[in-house]
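Please build the complex by placing chain B on the supplied structure of chain A, with the hints as guidance.
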Amino acid sequence: MKMTKAKRVRLIYNIVTFALVIGAFIILQSMIANKTISRSLKGQLVPICCWIVMAVSLNLVIGISGELSLGHAGFMSVGAYTGAVVSGALLNIWDIQDTTLRLVIAIAAGGILAGIVGALIGIPVLRLRGDYLAIVTLAFGEIIRSLVNVLYIGAGDGKLHFSFLNKELPEGVTMLVDGAKGAVKIKPISTFAAGFILILITLVVVLNLVNSRAGRAIKACRDNRIAAESMGVNVTKYKMMAFVTAAVLAGMAGALYGLNSSTVVPTQFTFNQSINVLVFVVLGGLGNVLGSIVSATLLTVLPEVLRAFADYRMLVYAVVLILVMIFTNNPTIRAFVNRLISPFRKKDSVGGEAR
Amino acid sequence: MSQQKRRSGTKMVTLPSHSIVPERDVNEIPVLETRHLGIEFGGLKAVDDFNLTIGKTEIAGLIGPNGAGKTTVFNLITKVYEPTTGATLINGHDLSGKSITQASKLGIARTFQNIRLFDNMTVEENVRIGLHNQIKYDMFSGMLRLPRYWIQENRQHDKALELLHIFDMEKLADERAGSLPYGVQRRLEIVRALATNPKLLLLDEPAAGMNPRETEELMENIAKIRDQFQIAILLIEHDMNLVMGVCEGICVLNFGRVIAKGTADEIQANPVVIEAYLGKKKEGQA
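Top to bottom, those sequences are chains A and B.
Those letters in the first sequence? Residues 1 to 355, per the numbering used here, in order.
Those letters in the second sequence? Residues 1001 to 1286, per the numbering used here, in order.
Note that these hints are calculated values from the structure, not bench results.
Here the structure is a predicted model, which means the values were calculated and not measured.
Even for Gly, the Cβ is constructed at its ideal location relative to N, Cα and C.
The reader is advised that the hints may include incorrect statements.
According to the in silico footprint, chain A covers these stretches of chain B (three or more CB under 8 Å from chain A) [claimed, not checked]:
#1 1093 to 1103
#2 1108 to 1114
#3 1119 to 1128
#4 1144 to 1155
Next up, chain A with everything else stripped away, as it sits in the complex (with noise of 0.2 Å):
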């Protein structure tokens, strides 16, 4: 393939991020086996892989096709207690004991029914114009949080036993889903390695697809509909494909989430969590994925390490997110990075912009 200047930038772009994820997960996995990895860290290793992929996966929605979701944690939500009940019924009915297994199938389980629930609100609410998509999703998250709530799945004798509203399962059943005491006794089977491979996973797809045909399709719609339209693209079909890429990705990091623990409960997934994704999003930069992992894990582990100041948790947390706005917007700043890292760069190259 012909190589561009464009696309040079954009091949550095993408073995940049693949080279730091690659990296990190080197390091942490001979600091696991060394032992020199503190415990608390250690325990947010799965959560900050699923944040990373939340965020990769809500970035494709907000930044690459310009529409606002609010309910990218109902994603999740679908996808943890699918991956609960799936591992569940595959344990207590099949007996299946490969945890690999169990958690491929769940994880794979937990992408596909988001997606299809996806599918479902972006077929209506894509189709038209405005700010729809966010009012329709923020509704969405709190509509999934309130049925999970009262929600009863049992497995026995063989099969799974559904009940709603109220709990009339027969005797003897294994609970998995306990109304509001959530997704319960869940073995843990997540791992990190799953973790890495599901960002891997999340990397080819959205960078692969920004960069192809259907990925400039959706951009064109962002930038302008109407002469997106002129030229022949189906903006609904373009739209519909990075959500429902973007809720089958949210309900696999779900899953990965749910099963890191031994219990989930509704309440994990609230509006509070979709507009924590959303600000990984924005402080990473809308559209830039790099950005939004290196966000996503700094904003998961810094509240960790703030601990040790409970007191001033959330203050240091708000000051640090003030200054990264500042730092990442101010044109001045930018411009003095900017002169910083130029002898690096070529004269003529406008490298920051391409993506």
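Same frame as chain A, but now just chain B:
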């Protein structure tokens, strides 16, 4: 006069339907035919009883004073608006109930009065969006980088540069579209529209903001595009040098109605047109 020299001198023929097309296109299906096209906005007839036929390779002009409804006609033809009355035929296909996207697939491409490029994408990417329905591959080939992805991406790249060559813009391929000078953006819009392989190209004030030299170039390029691609072009323009120099058939619109149709000479001599532009002569004035 150079202007006189460039005038195409095409012989125009009146069809039985009272529409006028160039003689060479008489035996072809007209690329565009509008029949009694009209639209109302809350009782106001923005366009009323608009009839226009454009031959297969005709360069036609749509002129009229400000607010005459010229851009509204474009929006009706491209299906941005659904007409309240009448019908549009593209190559004999009825456009009623079709979407903007479907109209594009039938062979209509346009540029916009207020430029609508994909500002955050590169020049080449903008042209590639035009090629969206020309050189295709599915989403999974793209996600998984299957062989089809590489083949089609290379084809898109070559085709995009070939199209950019029309305006000698290959060197700008990697620039961000939004950072280009105004005149270049206008040209890029034309290239992007051409990339959709249209049968009818609608240009909305292509010379707006261009200096006389650029306008001259544009004029030559419009004729060149028609000759090379064998397509019809309908343009809205206020620069009368350009309209009279390059258009074969001209349609004059005022207050949403067609007031005159004909060749450049006929239009220039038409008292109704002069009145629409300059106002009525007062009684007693020479």
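Is the listed coverage of the stretch 1144 to 1155 of chain B by chain A valid when you require three or more residues with a beta carbon under 8 Å from a beta carbon of that chain? holds (count 7)
Per the coverage rule (Cβ-Cβ under 8 Å, at least three residues), is the stretch 1119 to 1128 of chain B covered by chain A? With 7 residues close enough to chain A, the hint holds.
Report holds or violated for chain A covering the stretch 1108 to 1114 of chain B, Cβ cut-off 8 Å, minimum 3 residues. holds (count 3)
Are there three or more residues in the stretch 1093 to 1103 of chain B whose C-beta lies closer than 8 Å to some C-beta of chain A? It holds, with 3 qualifying residues against the three required.
When each numbered hint is compared with the structure, no violation occurs for any of them.
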